[in-house]
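Using the sequences provided together with the hints, build the complete structure.
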Amino acid sequence: MFGRDIGIDLGTANVLIHVKGRGIVLNEPSVAAVDMKSGKIVAIGQEAFDMAGRTPDNITAVRPLKDGVIADFDKTEKMLKHFLDKINVKSMFGKPRVLICCPAQTGTVEKKAIREAVEKIGAKEIYLEEEPKVAAIGAGIDINQPVGSMIIDIGGGTTDIAVISMGTIVASETVKKAGDHLSSAIAYYIKRKHQLLVGERTAELIKMNIGSVCPEGRDETMNVRGRDTVNGLPRTVTITSAEISGALLETMRHIISSATSVLERTPPELSADIIDRGIIITGGGACLHGVDTLLSGELNVPVFIAEDPLSCVVNGTGKMLEQLDQLVKVKQR
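Under the UniProt record's numbering, think of the first position of the sequence shown as 1, with each following residue one higher.
It should be emphasised that the hints constitute simulated quantities derived from the structure, not laboratory data. No residue lacks a Cβ here, since even glycine has one placed at the ideal position from N, Cα and C. Hints may be right or wrong, so weigh each one.
Below 25 Å or equal to it, Euclidean Cα-Cα: the simulated PhoX-like pairs (lysine-lysine) are [claimed, not checked]: (1) LYS66 <-> LYS40; (2) LYS111 <-> LYS124; (3) LYS176 <-> LYS191; (4) LYS95 <-> LYS112; (5) LYS78 <-> LYS37.
Label pairs and their in silico Cβ distance ranges [claimed, not checked]: (6) ASN231 <-> ARG22: 30 to 40 Å; (7) ASP142 <-> ASP72: 21 to 31 Å; (8) THR229 <-> ILE305: 29 to 39 Å; (9) GLY278 <-> LYS176: 18 to 28 Å.
Here is the structure:
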């Protein structure tokens, strides 16, 4: 079965693919560039992402996934097919078995859409797993132990918060506030405060270079270029970390509120385990400066950032692929 089992982290911002025996073979943005006149896709993945904001009006970069679920079935199918063709997994090994992740509180309709999209690309068998559980495995947590482990997976479109014990999610919540919303908050703040329009990529760069959710954590500045909302001409302004911190806090409040709700619904014995073991943060949002300090202070629980947080979900699929036959047997009982 070498290489015939693949794990897919189908994220709102990025798609990562793990092939059994080969490791992570693809990590590209979940973006398609579409010619709005003909409706044809002209580029997918990194190539499409690089086009964003730099193309004629008829070429638009779109994301087929929104808030962790499929928003455009046709484009998602074509994107997945493009990625699988790119890594050549089908021609080398025949039809693969696919393990794919979805947010913890994905509904039946959304799960069906994911299954159908993967079926269309020629998967032999499909296994859906909840993202926070897979992220916890990728972060090195033994989720099958009779102890409570809490994970906060801050992705591009959603934040998954879950308490796991004995391989089962005990309490969870999926928040449609995550990395993309943090970037949008930055762009909105700059437009409102400085009358300057900036693109998605610029907002993302600001977030990573000088952004912080810990007000005293960073004291940096960045020159930002954009288009003046008054006269339409290019202009440069200087943005500070303190400004960005204020812009990000509202989105973080939603995540903190949901994490508090999950903790309130956690049985006392497992709550004690979480106090001892702490909370693990995974996903791209874990890279945001001060996020561990903010969450720890608000939740009164130790908070740690996972090693290689961006790859925790796809690494978790890789570990689960090693035991896929056993997982199948358990589910068939």
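Worksheet item: Are the Cα atoms of LYS111 and LYS124 separated by 25 Å or less?
Response: holds (17 Å)
Item to complete: Verify the proposed pairing of LYS66 with LYS40, using a straight-line Cα cut of 25 Å.
Response: holds (20 Å)
Worksheet item: Does the Cβ-Cβ separation between GLY278 and LYS176 fall within 18 to 28 Å?
Response: holds (26 Å)
Worksheet item: Does 21 to 31 Å hold as the CB distance between ASP142 and ASP72, or does it fail?
Response: For ASP142 and ASP72 the Cβ distance comes to about 38 Å; the hint is violated.
Item to complete: Mind checking the alpha carbons of LYS95 and LYS112 for me, to see if they're no more than 25 Å apart?
Response: holds (20 Å)
Discussion item. Between the alpha carbons of LYS78 and LYS37, is the straight-line distance 25 Å or under?
Written reply: holds (18 Å)
Fill in: THR229 versus ILE305 beta-carbon gap, inside 29 to 39 Å or not
holds (37 Å)
Worksheet item: Would you say the C-beta atoms of ASN231 and ARG22 sit inside 30 to 40 Å of each other?
Response: violated (53 Å)
Worksheet entry | Hinted pair LYS176 and LYS191, Cα distance within 25 Å | holds (23 Å)
The structure does not agree with the numbered hints 6 and 7 stated previously, though it agrees with the rest.
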